[in-house]
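Student: Input sequences plus hints: build the corresponding full structure.
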Amino acid sequence: MTAVEPGAADLSNSPSNSGASPGAPSGKQSRTRSDTSAGTHLLIARPAVVRALATHILQGRPEMATRLDIAPQTTSLFTHNAGNWRVRALGVP
Numbered sequence: 001m002t003a004v005e006p007g008a009a010d011l012s013n014s015p016s017n018s019g020a021s022p023g024a025p026s027g028k029q030s031r032t033r034s035d036t037s038a039g040t041h042l043l044i045a046r047p048a049v050v051r052a053l054a055t056h057i058l059q060g061r062p063e064m065a066t067r068l069d070i071a072p073q074t075t076s077l078f079t080h081n082a083g084n085w086r087v088r089a090l091g092v093p
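Everything in the sequence shown is counted per the UniProt record's numbering, starting at 1 for the first residue and increasing by one.
Hints were generated in silico from the structure; no laboratory data involved. Careful, some of the hints might be misleading.
Here are the simulated distance ranges between beta carbons [claimed, not checked]:
#  : residue 1 : residue 2 : range
1  : Thr66     : Gly39     : 31 to 37 Å
2  : Trp85     : Arg46     : 15 to 21 Å
3  : Thr74     : Thr40     : 16 to 22 Å
4  : Thr40     : Arg67     : 26 to 32 Å
5  : Gly91     : Gln59     : 25 to 31 Å
6  : Asn81     : Gly60     : 17 to 23 Å
7  : Leu43     : Ala82     : 28 to 34 Å
8  : Ala82     : Ala48     : 24 to 30 Å
9  : Gly39     : Glu63     : 29 to 35 Å
10 : Asn84     : Gly39     : 16 to 22 Å
11 : Arg67     : Arg88     : 26 to 32 Å
12 : Asn84     : Leu43     : 15 to 21 Å
13 : Pro62     : Gly39     : 17 to 23 Å
We put the beta carbon where it would ideally sit given N, CA and C, even for glycine.
Tutor: This is the structure in structure tokens:
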């Protein structure tokens with residue numbers, strides 16, 4: 001699972017991409033952002049962002065977002081399979 005944190009897009013603070021992490025046995029590759037693209041990602045976002053994501057996934061108009069009630073500190077689950085995004089859970093306490 002990958003946690004997305006503020007400033008995570010800034011890769012200047014990331015370790016060098018030399019291939020081996022410090023202290024790792026020789027021949028072991030370090031885990032980089034490029035090999036996490038097919039995994040699970042955790043996004044901590046405000047309700048407005050979750051509404052916008054759900055509206056986009058469901059191909060709704062912007063007015064649709066105003067009809068989605070997403071409370072703060074709830075969980076929503078979006079899945080991606082065969083090129084299609086789906087809303088699996090929305091605003092679960």
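Student: Does each hint fit the structure? Answer for all of them.
Tutor: Do the hints match the structure? See the list:
Distance hint for Thr66 and Gly39: a CB-CB separation of about 33 Å, consistent with the stated range 31 to 37 Å. Distance hint for Trp85 and Arg46: a CB-CB separation of about 20 Å, consistent with the stated range 15 to 21 Å. Between Thr74 and Thr40, the C-beta spacing of about 18 Å keeps the proposed range 16 to 22 Å intact. Separation of Thr40 from Arg67 is about 28 Å and conforms to the stated range, judged on CB atoms against 26 to 32 Å.
Taking the beta carbon of each, Gly91 and Gln59 are about 19 Å apart, not inside 25 to 31 Å as hinted. In this structure the supplied range 17 to 23 Å holds for Asn81 paired with Gly60, their Cβ-Cβ distance being about 20 Å. Our hint of 28 to 34 Å for Leu43 and Ala82 is violated, since their Cβ atoms are close to 21 Å apart. Our hint of 24 to 30 Å for Ala82 and Ala48 holds, since their Cβ atoms are close to 29 Å apart.
Gly39 and Glu63 have their C-beta atoms about 34 Å apart, which keeps the hinted 29 to 35 Å range intact. Between Asn84 and Gly39 the beta carbon distance is about 18 Å. The supplied range of 16 to 22 Å therefore holds. At roughly 19 Å, the beta-carbon separation of Arg67 and Arg88 lies outside the given 26 to 32 Å, and the hint is violated. Between Asn84 and Leu43, the C-beta spacing of about 19 Å keeps the proposed range 15 to 21 Å intact.
Checking the proposed 17 to 23 Å range against Pro62 and Gly39 shows it is violated: the Cβ atoms sit about 31 Å from each other.
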